[in-house]
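Number of protein chains: 6
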Amino acid sequence: MFYHVKNLIHPIVDDRPDPSAANALQEGLGGQFGEMRTMMQFLFQSFNFRGDGIPYLDLIHGVAMEEISHVELVTKTISKLLDGAPGYDGGKFDTPGDSTVLDMAKEQKNPHHFIVGAQAALPVDAAGNPWSGSYVHNHGNLVLDLLDNLVLEATGRLQKSRIYQMSDNKTLRSTISFLIVRDGAHQMAFAKALETLGVDWAKILPVPKFDETQFPEVKKLMDAGVHNEAYTFSLDGSMMDQIFSGSSPANDGSELVTLKEPKESYPCPISPERPEEFAPGLDPELQKLADAFSEFKEKTLKDMEDKAGPNPRNKEI
Amino acid sequence: MFYHVKNLIHPIVDDRPDPSAANALQEGLGGQFGEMRTMMQFLFQSFNFRGDGIPYLDLIHGVAMEEISHVELVTKTISKLLDGAPGYDGGKFDTPGDSTVLDMAKEQKNPHHFIVGAQAALPVDAAGNPWSGSYVHNHGNLVLDLLDNLVLEATGRLQKSRIYQMSDNKTLRSTISFLIVRDGAHQMAFAKALETLGVDWAKILPVPKFDETQFPEVKKLMDAGVHNEAYTFSLDGSMMDQIFSGSSPANDGSELVTLKEPKESYPCPISPERPEEFAPGLDPELQKLADAFSEFKEKTLKDMEDKAGPNPRNKEI
Amino acid sequence: MFYHVKNLIHPIVDDRPDPSAANALQEGLGGQFGEMRTMMQFLFQSFNFRGDGIPYLDLIHGVAMEEISHVELVTKTISKLLDGAPGYDGGKFDTPGDSTVLDMAKEQKNPHHFIVGAQAALPVDAAGNPWSGSYVHNHGNLVLDLLDNLVLEATGRLQKSRIYQMSDNKTLRSTISFLIVRDGAHQMAFAKALETLGVDWAKILPVPKFDETQFPEVKKLMDAGVHNEAYTFSLDGSMMDQIFSGSSPANDGSELVTLKEPKESYPCPISPERPEEFAPGLDPELQKLADAFSEFKEKTLKDMEDKAGPNPRNKEI
Amino acid sequence: MFYHVKNLIHPIVDDRPDPSAANALQEGLGGQFGEMRTMMQFLFQSFNFRGDGIPYLDLIHGVAMEEISHVELVTKTISKLLDGAPGYDGGKFDTPGDSTVLDMAKEQKNPHHFIVGAQAALPVDAAGNPWSGSYVHNHGNLVLDLLDNLVLEATGRLQKSRIYQMSDNKTLRSTISFLIVRDGAHQMAFAKALETLGVDWAKILPVPKFDETQFPEVKKLMDAGVHNEAYTFSLDGSMMDQIFSGSSPANDGSELVTLKEPKESYPCPISPERPEEFAPGLDPELQKLADAFSEFKEKTLKDMEDKAGPNPRNKEI
Amino acid sequence: MFYHVKNLIHPIVDDRPDPSAANALQEGLGGQFGEMRTMMQFLFQSFNFRGDGIPYLDLIHGVAMEEISHVELVTKTISKLLDGAPGYDGGKFDTPGDSTVLDMAKEQKNPHHFIVGAQAALPVDAAGNPWSGSYVHNHGNLVLDLLDNLVLEATGRLQKSRIYQMSDNKTLRSTISFLIVRDGAHQMAFAKALETLGVDWAKILPVPKFDETQFPEVKKLMDAGVHNEAYTFSLDGSMMDQIFSGSSPANDGSELVTLKEPKESYPCPISPERPEEFAPGLDPELQKLADAFSEFKEKTLKDMEDKAGPNPRNKEI
Amino acid sequence: MFYHVKNLIHPIVDDRPDPSAANALQEGLGGQFGEMRTMMQFLFQSFNFRGDGIPYLDLIHGVAMEEISHVELVTKTISKLLDGAPGYDGGKFDTPGDSTVLDMAKEQKNPHHFIVGAQAALPVDAAGNPWSGSYVHNHGNLVLDLLDNLVLEATGRLQKSRIYQMSDNKTLRSTISFLIVRDGAHQMAFAKALETLGVDWAKILPVPKFDETQFPEVKKLMDAGVHNEAYTFSLDGSMMDQIFSGSSPANDGSELVTLKEPKESYPCPISPERPEEFAPGLDPELQKLADAFSEFKEKTLKDMEDKAGPNPRNKEI
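Residue numbers (our numbering), protein chains in the order written: chain S, 1 to 317; chain Z, 1 to 317; chain X, 1 to 317; chain D, 1 to 317; chain H, 1 to 317; chain U, 1 to 317.
These are computed hints drawn from the structure, not numbers from a lab. One should not assume that every hint holds.
Copies of the same chain are indistinguishable here, so a pair counts whether it falls within one copy or spans any two.
DSBU-like, lysine-lysine: derived pairs with alpha carbons at most 35 angstroms apart [to be verified]: (1) Lys-6 x Lys-260; (2) Lys-203 x Lys-288; (3) Lys-6 x Lys-92; (4) Lys-6 x Lys-263; (5) Lys-220 x Lys-92; (6) Lys-260 x Lys-203; (7) Lys-170 x Lys-220; (8) Lys-92 x Lys-263; (9) Lys-170 x Lys-219; (10) Lys-170 x Lys-92; (11) Lys-288 x Lys-260; (12) Lys-92 x Lys-219; (13) Lys-6 x Lys-288; (14) Lys-203 x Lys-6; (15) Lys-263 x Lys-220; (16) Lys-203 x Lys-92; (17) Lys-260 x Lys-92; (18) Lys-219 x Lys-288; (19) Lys-288 x Lys-220.
Work the whole structure out from these sequences, hints included.
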């Protein structure tokens, strides 16, 4: 069973809207090697796991858990990059009338961001193809599943390193850098599992092999050791650390460490209404009904204030 | 961020293998109206949510959380229905040689259960089509998203009520009955949300409209009130109960109640090795390496014993 | 604009249910060379037609019109072949309870006929693949579109001649024979259009080349001349006959003739309720509401009686 | 069986070519919630209809009939928006030689409009994905099919209201406004059918809820009452009016009315040749053959003149 | 540029028709990890290759060349397994009339083998899904492409080892055993290439790890050393042997050897006509034309005789 | 079995990078009527061929062989058009750091060219849809397969004639002109085969019908007679010339001629490294290993020199 806290695994950094960057980032969400695939592939592998190699199961499952939070993060980053792109500034209950406020939308890489979604992330790749279940590989053979996972994480890291160079938008670069680092850590997870079966990776890892500290946001996370951590996200224990510990299979002298969860987490921003998208699209009458029913308005405002304040780590988890 | 406990939301009941039933149940997993869709649709809707209607957001998100556990449950049920279907009884490191131990596999509805997966669930529907991201509807308009979700849950309940009548296999019927009941509860969730905006559903709910207590496993769950519960699965609070409470929109006199989590949870079975599928496929040499590396064998056995014992609800969550 | 009469272009002949035959016939509906494709391909070609070659446009459009009626016919034939396959004989408002009345469904070629549809035709092919817009060819070049249409109709006739040999079910064979004959006529339509541009087809038509009078149902239709007719289905005139007239491009000495519509048409059967599919699924309460609202019951019964009587050709059309 | 008249349900308004607008409008044709889906979904639902609720059948079928005319209208609007985009002005039998007359084509949203089609509509959505049979929902349960249809029409109206704001091109806006109004009327049709079963929609309809009279073209149609009309398009009667009559489920005091067909219809424009697309691509020799064969040229010219004249409503229908 | 000889890389062994085995083998042709993918993936990687690592390019390209011959072999094996399945024994120009000679066809795993193809292989997998270009992975990063190729070949070998156990049909087992051995050799090829970059595979290869000599047909090929050979299929040289030589990365003491082509090749059988499929479907009149035109009949017969004789290795290549 | 020589069938002409032209050309590679389809369709037709019409088999197979070389040519042309588009000029082992060197990539028609591939051709069409096995038509009926092939080649020629007008880039126009000419020759091949069965094509061929000599690159090839040649690419004989000889079915007085292979062939360029794509992505350490292992560097350089020299036709083939 699965539980949730309303924090993000990485902050959403503020910058200008950039629909082209949003579309490039879709590859990291709904692409063949994006976060939706890693999440579903590792979940299927752990649900269908055979045999008593529990540490291997717990390793795959722990990475799967993090990938759900990645889907959450990337979705919110894409929405942020799209949000406000048309620059409409009408009131909450105004409708744009005959102005062409969405004029730019039909020129974008994927008009679906504005026609099908309300300036929101979609389960598609950067070329507009919907995500497919055929992306999920779960061969059932442990060695092969580990090798396949290694290739998957390496491809994720490669594609994200390419996307990094496509825009200096801070919203994009903050999230993409975090993913480069975490895809690297997950490469190490599956490489280390194969090391327990005898493989020596010498100097080929991580893929791609380059000086990633030239990307400043990546360097900052590596300086904090984020590239050598893994998280169990388990409320009742895990044997993941039996594998993810000791020397890194990157053979760079660094050490791997397994934690229950990341050291930091971050508030989850609330997206504003977009009247030109009819989102959420309550008119005054319906809004009044909603308000009267639950009187949630005050509570909500208070809640938002609370959120805007410091986000102390939730103690009771 | 997401967390996990190693319990299932509903038990896996023991019965004979039944690959045809497993294939029918694939519709409930990877079908256009199956659990993978509900999970992804509600996650996308909550990640992309706009405006300050937090109770509506928390309602959608709470249901999404449960759907992940449904994917876990259905996947494990399908694997259980497939497991051992060929009846091979060789030793762990034996290989079948030139016997045709998988002879029945090529005659099954979906040979992929035996060729692509190792007698394991797949992200496809009952006709073998892979799950598609195009199934995910996230219009961004609150009223429309709620209506769409109602149709989705109603269709899920309809299809599962049809599948119930396709086999008396206890493994299948236990899980499918639980899903019929929970899809009904989720119908109520979205119907109730529309009720707060003024709609009166009269007597059309739930869809399909029939005396579901004629399915004994369903009756037992309804007697326990499971069809009127919703769960937040949240570790830091939720406003879901502002909507999911009071009289049921089925207008049958019953009352809705929101809980943090289900009252019961169940141990998660470990799937046996299937040497004829090369799953997990370690030979003696690799197995020895794995064992030597982590000495996890003893721990694992002890862990399995513990699991076989009573599964007291994990207190610290 | 499009108009409708409640008659079928060919009768639905009565025989036992046969789900495998129904599935084979799906190729003729939702297959790459089935009726959905011919309908959409010819509609797109006529909507997008360029230039003043109105007789060519009217020819393509006239065939398109007939294809919509073919989709209607094939859909109803498939439903008839599926209808009652499980043999459930409960009352209208009964529910099957814990019996496995749909047991055979999970063993069928395409379980979707019973899970997704209520023993009803689907927009898929005989292997369960959904129909795709990529099947529609509309090159814009007149000669090429005509050649493509000829290949399409020839393939339709080939596949249906193969399906004819797969079952002696009278429901199947009656409809499939009609389609063999009409696909032949449509081959002649496009071949004749190319003849006007100089091509001489010698003896290669129709494709496939065989003595189709060995199929008795086909022979009967050919004896009536149905293979040499085309219909405009136009309420305000057509130049189709400028092309579809004179000697047949089969070069067999027969003559082509263009009519407004087929000489005969047939009553459209009403499909019975299937309670085990929850179709239509009104319970007594909802049924009463529906009846009370419109008092349509009596009118409906009378209407059904009228339909069961002789179906005199609607004069006012 | 189906019949045709050569009139459009709404006029094609003249304006400059606009390929980006054409591409956005593709969503309304081949998108998951576009006119191809409404047409096929409602046709399948009426062909597969079970039980004696004939007024419900006639309602669904009547809307289906109109959707075929919408596909005709949208296809022709897209072609009009594409037509002449490259600005080539060679003679009918000229070929552009080595000029790059289609230079702009490779920069367009969907180059298929110029490579695969001859500046013509395609059965794809605004992101270039081909239409899929999986879009067609026909659950067989009457309440569920009606709810699904309501969601479908609401989504159509939402997406078209977004597209309206993307361009002030008059060709686009005229057609899109008509579709907004008719999708609204169809929402009322399915909502009213559910009202007969007891549902009270209060104030949530139509979806999206906004002052659509701010779109001037929409206002004009609403002033004429087009948003409260439904059409049977039946040549032999319909019980549609038993449902589609009385007060609108929008609960705005207006009244619904069922007609045989729209009060107005419009001439269907003939698309010019595009030599740079080789469409239709007859060279002088082939053109001469075509002319000699049927001497249709004079008749065609006369026919075109007739069409250019007043288009008096065809009396004999 | 590519050249061809009319020999097969492995013989087609004679046995009874077996459509289910044919369908299982489709996974090895059009499946996500089948021969069509290996062929296209390695061709794309070699066409798009960057840099001066010519031995790596030649290695990938050499394997690609063999995969084309595998597609040829598997296609012909599937056709052989399907051929004659209906048991029709009419004469060449007979048509079956109203007999149901293809009755069994509608019950097969994939009816397309008999409706769409004429008892012939299709570019689809064992669940009927068409092959997709999205299967082709060409990341452009050498280390990653090599790892991906290794996973691909390992999965091919795993799936084929499963299929081996599904039937004792000799036609199937002969071809599948050859593919198990060659997929193993190709695993070694990509593993060896990674060894040149430092990786030590210890004992994990080949995947799956089992005693494959228990499959007698596999053992025979391994005894002949076929599992340690690679072929350049190049007419103008290759540096493949710089990588594929020396000790095997299976670390079993065996040695790799690169050859221009396999030591043996085999005659390519001619498939008989299937009149019930209208294949090739010439009637006496067309057959006479074909014969008269080219008088090829005699030559053909002589050619067939030559083929039936010993197939001495073509010297001039 | 298949063999290869390292020459191209047509030269890659040098010009500036042009990603939009590259994307348009993707239609000619992975489009529904592109070279991947012709290659796979003709290969499947020849592998599945039935009966003793060997000259027809050899004709289809000979064209199939050429299509593999076309896939090679088009892939390399697309890569050439993409190569260097970002204008990065760092050193081989440099990484771009935080510069946005791939900034233009996210604005391109298909960002996959830069994210998924390393400025490389993909198996997709100009709208980004992956190639599908459903494109392959192999009906099994000889007349129908020949007609289908004729339509396929005609559509290829039509689409390429449109693409020619989209850019004056010399890299694009050289390759596209060659394909226009060869698609024309292949039209003649299948038209001639149908001529042997009696058909007279009069003046409709080739499709499209226009004065292609207005495209100067096309004219040059036609002047050399390339449009009337066919090649067997067979190392052990072919009966193709029994069909492909004598007067052209274009009925323009020209004569067809069958050769073993084209009169000219061309050196195959080596693509440079693209460090910003991490392609091939060896760092100094890995490069050193690779060099040390095989000392291939010197040989490679020499090989490149040899290639840059005159490319005398390889005599020993």
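Structure-based check of each hint:
In the homo-oligomer, the alpha carbons of Lys-6 and Lys-260 lie at most 35 angstroms apart both inside one protomer (17 angstroms) and across protomers (15 angstroms), since each shortest distance falls under that limit. For the homomeric pair Lys-203 and Lys-288, the shortest alpha-carbon distance between copies (12 angstroms) is at most 35 angstroms, but the shortest distance inside one copy (64 angstroms) is not. For the identical chains of this complex, Lys-6 and Lys-92 are intra-copy neighbours only, at 26 angstroms inside a copy versus 45 angstroms across copies, given an alpha-carbon limit of 35 angstroms. Taking the closest pair of Cα atoms, Lys-6 and Lys-263 come within 35 angstroms of each other both inside a single copy (15 angstroms) and across two copies (23 angstroms).
For the homomeric pair Lys-220 and Lys-92, the shortest alpha-carbon distance between copies (26 angstroms) is at most 35 angstroms, but the shortest distance inside one copy (40 angstroms) is not. Taking identical chains as interchangeable, the C-alpha atoms of Lys-260 and Lys-203 lie at most 35 angstroms apart whether they share a chain (29 angstroms) or sit on different chains (33 angstroms). Taking the closest pair of Cα atoms, Lys-170 and Lys-220 come within 35 angstroms of each other only inside a single copy of the chain (14 angstroms); across copies the shortest separation is 46 angstroms, beyond that limit. In this assembly of identical chains, the alpha carbons of Lys-92 and Lys-263 never lie at most 35 angstroms apart, being 39 angstroms within a copy and 38 angstroms across copies at closest.
Only within a single protomer do Lys-170 and Lys-219 lie at most 35 angstroms apart by alpha-carbon distance; the minimum there is 15 angstroms, versus 44 angstroms between protomers. In this assembly of identical chains, Lys-170 and Lys-92 lie within 35 angstroms of each other by CA distance both inside one copy and across copies; the values are 28 angstroms within and 28 angstroms between. Taking the shortest alpha-carbon separations for Lys-288 and Lys-260, only the inter-copy value of 29 angstroms comes in at or below 35 angstroms, while the best intra-copy value is 44 angstroms. When the C-alpha separation of Lys-92 and Lys-219 is checked against a cutoff of 35 angstroms, the pair qualifies only between copies, where the shortest distance is 22 angstroms, while the shortest distance within a copy is 42 angstroms.
In this assembly of identical chains, Lys-6 and Lys-288 lie within 35 angstroms of each other by CA distance solely inside one copy; the values are 27 angstroms within and 43 angstroms between copies. For a Cα distance limit of 35 angstroms, the shortest separation of Lys-203 from Lys-6 across copies, 33 angstroms, qualifies, whereas the shortest one inside one copy, 39 angstroms, does not. Taking the closest pair of Cα atoms, Lys-263 and Lys-220 come within 35 angstroms of each other only inside a single copy of the chain (15 angstroms); across copies the shortest separation is 44 angstroms, beyond that limit. For the identical chains of this complex, Lys-203 and Lys-92 are inter-copy neighbours only, at 18 angstroms across copies versus 57 angstroms inside a copy, given an alpha-carbon limit of 35 angstroms.
Taking CA atoms no more than 35 angstroms apart as the test, Lys-260 paired with Lys-92 passes between copies only; the shortest distance there is 34 angstroms, against 42 angstroms inside one copy. For the homomeric pair Lys-219 and Lys-288, the shortest alpha-carbon distance between copies (26 angstroms) is at most 35 angstroms, but the shortest distance inside one copy (50 angstroms) is not. Within a single copy, Lys-288 and Lys-220 get their C-alpha atoms only as close as 47 angstroms, which misses the 35 angstroms cut-off; across copies the closest is 30 angstroms, which meets it.
The structure fails hint 8 only (numbered hints given earlier).
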